[in-house]
Structure formats: structure tokens, C-alpha cells
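The chain contents come next:
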Amino acid sequence: MLTIVKLVQSLVKALHSEGTPGQLAAGIALGAILGLTPLVSLHNAVVFALIVMLNVSFPGAMLGWAVFVPVGFLLDPLFDWIGHRLLFTPFLTPFFTSLYNMPVVPLTNFNNTVTLGSLVFSLVFFVPLYFAARWGVTRYRATIGERVRQSKWYRALTASKVYNVYRLFRPES
Amino acid sequence: MTVRIFRWRAIGPLLLFALLGGVLWLVFADRIARRAAERIGTAIVGAKVEIQDLHIDLKNGDVTVRGLTVASPHEALKNLFQADELVADIDVVPLLEKKVVIDRLAANGLRFGTPRTTDGRMAGRPDGISGRVLAETQRWSEQFQVPALQLATGKIDVGTLDPRNLSAIPAAQALTARADSSRRAWQTGLDNLRLGAAVDSAKATLARLRTARATDLAALNEARRAIDQLKQARNRVTVLERGVTSGAAVLRAGVAGVDSAKQRDYAFARGLLKLPSLDAPEIGLALFAPTAVAQFQRALYWTQLARAHMPPGLLPRADVGPPRTRRSGSTVRFPRAHALPGFLLRTAELSFQLDPTAPQPKRYAGRLTGLTSDPALYGRPTLFEASAPAISAGAMLDHVHATARDTAGATVQGVRLPVFQLPSLPMRLDPGQGTAQLGFALRGDTIRARWGVRSTHVQWARDSGAARSTVTDLVWTTLSRITDLQVDAGVSGTLASPRLSVRSNLDEAIAARLRAMVGDEVAAAERRLRAEVDRQVDPVIAPARARVTAVQTEVTARLAEQRGKLDQAQKDLEARIREMTRIRLP
Numbered sequence: 005m006l007t008i009v010k011l012v013q014s015l016v017k018a019l020h021s022e023g024t025p026g027q028l029a030a031g032i033a034l035g036a037i038l039g040l041t042p043l044v045s046l047h048n049a050v051v052f053a054l055i056v057m058l059n060v061s062f063p064g065a066m067l068g069w070a071v072f073v074p075v076g077f078l079l080d081p082l083f084d085w086i087g088h089r090l091l092f093t094p095f096l097t098p099f100f101t102s103l104y105n106m107p108v109v110p111l112t113n114f115n116n117t118v119t120l121g122s123l124v125f126s127l128v129f130f131v132p133l134y135f136a137a138r139w140g141v142t143r144y145r146a147t148i149g150e151r152v153r154q155s156k157w158y159r160a161l162t163a164s165k166v167y168n169v170y171r172l173f174r175p176e177s
Numbered sequence: 020m021t022v023r024i025f026r027w028r029a030i031g032p033l034l035l036f037a038l039l040g041g042v043l044w045l046v047f048a049d050r051i052a053r054r055a056a057e058r059i060g061t062a063i064v065g066a067k068v069e070i071q072d073l074h075i076d077l078k079n080g081d082v083t084v085r086g087l088t089v090a091s092p093h094e095a096l097k098n099l100f101q102a103d104e105l106v107a108d109i110d111v112v113p114l115l116e117k118k119v120v121i122d123r124l125a126a127n128g129l130r131f132g133t134p135r136t137t138d139g140r141m142a143g144r145p146d147g148i149s150g151r152v153l154a155e156t157q158r159w160s161e162q163f164q165v166p167a168l169q170l171a172t173g174k175i176d177v178g179t180l181d182p183r184n185l186s187a188i189p190a191a192q193a194l195t196a197r198a199d200s201s202r203r204a205w206q207t208g209l210d211n212l213r214l215g216a217a218v219d220s221a222k223a224t225l226a227r228l229r230t231a232r233a234t235d236l237a238a239l240n241e242a243r244r245a246i247d248q249l250k251q252a253r254n255r256v257t258v259l260e261r262g263v264t265s266g267a268a269v270l271r272a273g274v275a276g277v278d279s280a281k282q283r284d285y286a287f288a289r290g291l292l293k294l295p296s297l298d299a300p301e302i303g304l305a306l307f308a309p310t311a312v313a314q315f316q317r318a319l320y321w322t323q324l325a326r327a328h329m330p331p332g333l334l335p336r337a338d339v340g341p342p343r344t345r346r347s348g349s350t351v352r353f354p355r356a357h358a359l360p361g362f363l364l365r366t367a368e369l370s371f372q373l374d375p376t377a378p379q380p381k382r383y384a385g386r387l388t389g390l391t392s393d394p395a396l397y398g399r400p401t402l403f404e405a406s407a408p409a410i411s412a413g414a415m416l417d418h419v420h421a422t423a424r425d426t427a428g429a430t431v432q433g434v435r436l437p438v439f440q441l442p443s444l445p446m447r448l449d450p451g452q453g454t455a456q457l458g459f460a461l462r463g464d465t466i467r468a469r470w471g472v473r474s475t476h477v478q479w480a481r482d483s484g485a486a487r488s489t490v491t492d493l494v495w496t497t498l499s500r501i502t503d504l505q506v507d508a509g510v511s512g513t514l515a516s517p518r519l520s521v522r523s524n525l526d527e528a529i530a531a532r533l534r535a536m537v538g539d540e541v542a543a544a545e546r547r548l549r550a551e552v553d554r555q556v557d558p559v560i561a562p563a564r565a566r567v568t569a570v571q572t573e574v575t576a577r578l579a580e581q582r583g584k585l586d587q588a589q590k591d592l593e594a595r596i597r598e599m600t601r602i603r604l605p
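Chains A and B, in that order, give the protein sequences.
For any residue, its number in our numbering is found by taking its place in the first sequence, counting from 1, and adding 4.
For any residue, its number in our numbering is found by taking its place in the second sequence, counting from 1, and adding 19.
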């Protein structure tokens, strides 16, 4: 239940943040990588750094992460299949062999079928997700966004101390 | 409105976050590495690997492990070994490639076979390599048919003889049917000869000849034709006789077949006797095969495990991925020629004790070289050797070439040997201090292994709660006087069809004692069974035999009678012709 409440909280905060729909969508798409791929991987440190460093919506990233974690669990068999097909494709073997014997790269666990499959899937999925999210945020703000902003429970949420912490990472315009 | 791409003010918190991560790594690195080592070790061995303390000193490239315990994958409450301290001198740079290269490992205080309080086996997880190998070796060991030593009651039991299981009865019934069928066929053959018509015609011709004159050429020609007909009829009889002769031979063979079936029934009936094993090799198998097979199975387990983790060749190969909440997937290794292997232990110096419970445990030293996950990259086999005044052990895992060759051998003298619980016998054998030998070679899938035990101070203990019988009392009397023990077991052949042999000095002693005791009883039981077979089989065999004889006699007699009639008619005709054509001088 707490997870669902936090998810709703994150969703609302993200949708009403000051960022543009593009910033929010980029945050969601980057967060989706965190959610779709196994979290404890070196590439996710890079993704996290990008979320922090790039002027994208941090709440959007957290929203994308939260939404796509269960999706990642559900799609693990697909990721496993994709990774297996890629890692055992003969013409890619020299490429993977080079990566495997290169410093640092093996620490990314790229040679794990689920890690590679989920990363490839989330990178391919990044662009469509970005555009879909941007369209959705624009539509939301144009239709029911203002009414939600005027509601009592939204004001209660924004008045909390958590909101102040969040403002530290809000997108800059 | 322009939107800036970078959020510069987040650099500070990000660096702080990275710094925090670094501090956490410094604080928890040892714990993380310890858990990873336990997890990986458990997956490799197939039993719990526990480490009390692990310390990483990256600056000096040292890893120190204290209190290492590796549970046995085969015995519930026993450790494979424990080690007081392991100090590894590792290369730091290969760690960046996720490769572990240990230049030198010093293992101190190794103790084998120590007891533990909890079950350390991981047999409930057959998903990994170790679980698969364990299941395979268990199936391999189940191939051996170990005979049971039946001494529980010492009674020789005569099983029930079911007439449906006797082969002589249906054989005799089939013979009777065949005799009847042959008789009908021969009777039909005799009828088809139409000998009566030929004989009657000859008699009529003879009657005319008696009244004819010598110049009656027509009568003479008719007589010659009648003789030709008689000859043709006799040829037909000859052909039928040949058929009868061969058919009679078949019937006689049938009689012999019934006799053979009766002999088989005797053998079958003897098999129903629940006899104790009287052959020395079978007794050896019954007594020591389970222990010997367990030794071979363990050696095979470690060898196959080594082959799974140290495969030959440089092709990409997949292992089960790391355990995590998400699906583990498969982790694929891509070895490359002239690159470092994923794991390499160049040299290990081992200091161990074989009998840690002894008042003054002796210390031994061993050396392991070239243990690697990619033998084709290392280019040399893995070698182990340990030698001391009372011990010699060596092993070679050669996976450099396509066909793996694994050999191991050990001879240990003057150590306390484990107690044997003899199957089917309510007694235990304590060999005390003695010599144990194990030789094991696996080339491809061809196995050759030998296990032996020698002791001169054997002690026997009888299970007080077990049921007593005359036979077990006698066996106890025999065995309890024996103070020497010599057991030799061997396995040869392929993994798919191995052959097991076991011999010991106890086999012949037990066999001779059993033969002396139960020989008369076995003979009496066999006599009873033969009489029972006769009682059930003879009422069917005797009529069949009589029927065959009767058919043969009857058909032979009828053929002789018909042939006699033909001969007589021809003889009469020829005599009359000679008489008519005799030249009479005036």
C-alpha cells in the first residue's frame, strides 16, 4: 500500500513540477532504464549520474523507475531471450570477446543475458517512451492539470518538507 | 526561452554521493567480498562455504581469509575441510577486467572431515552446475547392481512352484499336437498313394496270364505295364517313407526338446530357493561395494565438477548468472587467446592435518599449481602433490586439449580409517589405523579407478539390538577372529557402462563357512524341488512321448505292409512271365 501511495505521490509531483514536458519525459525515459535493467549494475551508475547532471526532471526519473521496475520483472524472460540471442550471435562474438577482455567493461555485467537484453531493450525503448511521455504530459497539463493543482490534497503535499528536498533537484528553466 | 542542458549545481551533491559511495565501499568492502566469496564458493562446491573473516588489502594486493569452512556435499554433518587462514597474493590490475589472478596462496591449518552441527549440503538446488553434477554422479552410482547378503534368518526357503512357469508342460503339449498332426498328414499321404488299385490290377493281370498261351503277346505286354505301375507305386511309397523318416526325426527332436525344457525347469526351480550368497566375489560386493562406490562417486563428482568449471577450449560458454531478485539469466564468458583467464591460481602452498583428533596430529604439506577456469589459456594442466613419510598424493587435471584427462592417486598410511557398517550383517568393522589407497583416472569418458584398504588391527563390534540367528552367529564367530583386513575394489569401462569388482579377505572366510553350514540343506531343498517339478511335468510329458512312439510305429508298420503287397504282386507277375517265356525243347 505504501508503495502505491508513494507511486501516486511521485506521479503527482512529477506531473506538476516546473519542468517542461520534454524535461519530464526525458526523466521518465532515463528512469525507465533504471527500472528495466537490474539495478546493481555499473551502467545504472552512469544513468543515475546523467539524471542528476542533465537538466531533466528528477521526479520524472523516479516516476519512470518506479513504474518500470515491475515491468522489468515481467519482461525478464524476454530480456533473457534477447541477451541470449545477442551473446551467441557468431558475428558479434569477436566484439563481445574484445569487450570481455577490456578493463572495466566486464564490471558492467554486459555478458549476462538479462542485463544485456534489458539494457538493449530499454535503449531501443528510450526514444518512443520519450515522445509518448512528452505527449501525455502535455495533454495532462492542458486538460485536468490545473484542477488537480487547485485541490486541497495537492496543496498539502506541496507544503510538506519532502517537497522542499525535492525542489533541490527540480528542473531549471 | 532557452533550456540549459546541464544542471551544474548538482555536481556538488553528485560528488558527495560518489564520496559517500566510496566511504561505504571502504567500510563494507570486506563484508561484501566475504559474502560474494561465500556465495560463489557455495555455488562451485555444491555445499555451504562459510568464512569468518575476510580482509582485502588492495594496497598490498593481499586478501586474507580466516576461519574458512567448506561443508561436504555428500555427508550431512561433515565438513569437506576447514582452514585456519588463507593468505592470497593477488594481482590488482586484472580485477579491473573482473579477473582474479592469485600469484601465491598460503593455506594454513587445513583439516579434513571435521564434524559440523548443521547440514551443509545444497542438494535441494539442482539448478546450478554442482546440483546437476551431483545428480549425474548419483545416477551413475545407481547403475551398479549390488547383491544383498541374505543372512537375516539363515533359513533356506523353497518358493512356490507355479506350473504356469514351467516350460516343459507347454513343450510336451505342443509335441503331442505335432505328433497328431503328423499322423494325420501321413495317413492322408498313404491314402493318396492308391496302392490298392495297383495291386488289384496286378492280381487281375496275373489271373489272365495263368490262362494265356506263351504266344499271347498282348497278355505279356499287359503284364509288363502292370509291373511298371507297381514300380511307380513303390516309388511313391519311397517318397512318402522319406517324409515319414524326416518327420519322425523332428518328433524325436521334439522329445529331446521336452527333456531340455525339463532341465531348464529344474534350474528355474533352483532359482526359487532363497539361498545365501555362497560365492566369494558376491560376498565381497555385498559387504564393501556400497562403500567403494561411494568413494568412486565422490572422486567422479569432483572430477566432473572440475570439468564443468574448467572446460577445455576457447569457445564462449554460459554459466548460471548471479543469484538476485531479478531473473539470474546466464553469464557468458568470452576467453581470448593470450589473455588472462577469468580465474588463475598460480601456486598454492598447503599445510594440513589428516587426523586432527589424534593426540599429536601430524602436519603435512602440499602444493597446488595452475588452477584456472580457462586451461586452454594457461596452457598447462593443474597439478597437485603432497608427500611426506606416510603420505603420497598427487592429481593432474589436464583440460588443455579437447579430450580431458584427469588422474588422481593417494596413499595414506597410519591414519585412523573410518568404521564400516557391513550391509546385511548386524556388526561393525573398525579397521583402526591402517592404509587407504585411492587411484582414479578419467580419460574422456573412460574410467579406471581403484580403492583399497589395509589394516592389521581390525576390531569387530556386534549390534546388540539386531536379531540373532544361527547363520549370523556363525559368521560372527568367523569374522571376530579375523584381525587383518584387505579390501580391493575397482571400476573400469566407460561412464555409461562401468564394471565394478570388489574383493576382500573376508569373502572366502564367510563363503567357506556358509557352504559348510548350508550345503546339506541346499541339497535337500534342491531334491524337493526336483521332485515337485517331476510331479507336475511328468504327467504331461509321458503321454506325449508315448504318442510320438505310437505314431512312428503305426506309420512305419503300414508303410512296410503296403510295400510288402507291392513287392509280392510284382514278384508273382515276373515269375509268371518267366514261366511263359521259357523255351521248351521238344
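Rather than coming from a laboratory, the hints here were simulated on the basis of the structure.
Treat the hints loosely; a few may be bogus.
[Unchecked claim] Computed footprint of chain B on chain A, listed as stretches where at least three residues anywhere in the stretch have a Cβ under 8 Å from a Cβ of chain B: (1) 57–63; (2) 88–101; (3) 116–126; (4) 129–137.
[Claimed, not checked] The following residues of chain A were derived to be distant from chain B, with all beta-carbon distances above 12 Å: (5) A49; (6) F83; (7) D84; (8) Y104; (9) N105; (10) M106; (11) P110; (12) L111; (13) N113; (14) R145; (15) I148; (16) S155.
[Said to hold, decoys possible] Derived Cβ-Cβ restraints for the label pairs, each shown as a range: (17) A:L43 - B:A356: 33 to 39 Å; (18) A:V108 - B:G86: 28 to 34 Å; (19) A:R89 - B:R447: 22 to 28 Å.
Note that the Cβ used here is the ideal one computed from N, Cα and C, for glycine as well.
*Beyond 12 Å from each Cβ of chain B, as asserted for A:N105*: Violated, since 5 Å does not exceed 12 Å.
*asked:* Checking a non-interface call: every C-beta of chain B should be farther than 12 Å from the C-beta of A:A49. Is that right?
replied: 8 Å, violated
*Claimed coverage, the region 116–126 of chain A by chain B - three or more beta carbons nearer than 8 Å*: Coverage by chain B holds for the region 116–126 of chain A (5 residues, Cβ < 8 Å).
*Classify the label on A:Y104 as holds or violated, using whether its beta-carbon is more than 12 Å from each beta-carbon of chain B.*
4 Å, violated
*Taking the shortest Cβ-to-Cβ distance between A:N113 and chain B, state whether it exceeds 12 Å.*
7 Å, violated
_At least three residues with a C-beta closer than 8 Å to a C-beta of chain B: is that true for the region 129–137 of chain A?_
violated (count 0)
*Per the stated criterion, does the least C-beta distance between A:F83 and chain B lie above 12 Å, as a non-interface residue requires?*
With a cut-off of 12 Å, A:F83 comes too close to chain B, as the shortest Cβ separation is near 8 Å.
*Beyond 12 Å from every chain B Cβ: check whether that's true for A:I148.*
25 Å, holds
*Minimum Cβ separation between A:S155 and chain B greater than 12 Å?*
28 Å, holds
*Taking the minimum C-beta separation from A:M106 to chain B, is that value above 12 Å?*
Per Cβ check, A:M106 is inside 12 Å of chain B; nearest 7 Å; violated.
_Against the range 28 to 34 Å, how does the distance between the Cβ atoms of A:V108 and B:G86 compare: consistent or not?_
Once the Cβ atoms are compared, 33 Å apart, the range 28 to 34 Å for B:G86 and A:V108 holds.
*Hint says 22 to 28 Å; check whether the CB-CB distance for A:R89 and B:R447 agrees.*
Because 58 Å falls outside the window, the suggested range is violated.
Consistency with the previously given hints fails for numbers 4, 5, 6, 7, 8, 9, 10, 11, 12, 13, 19, ordered from lowest to highest.
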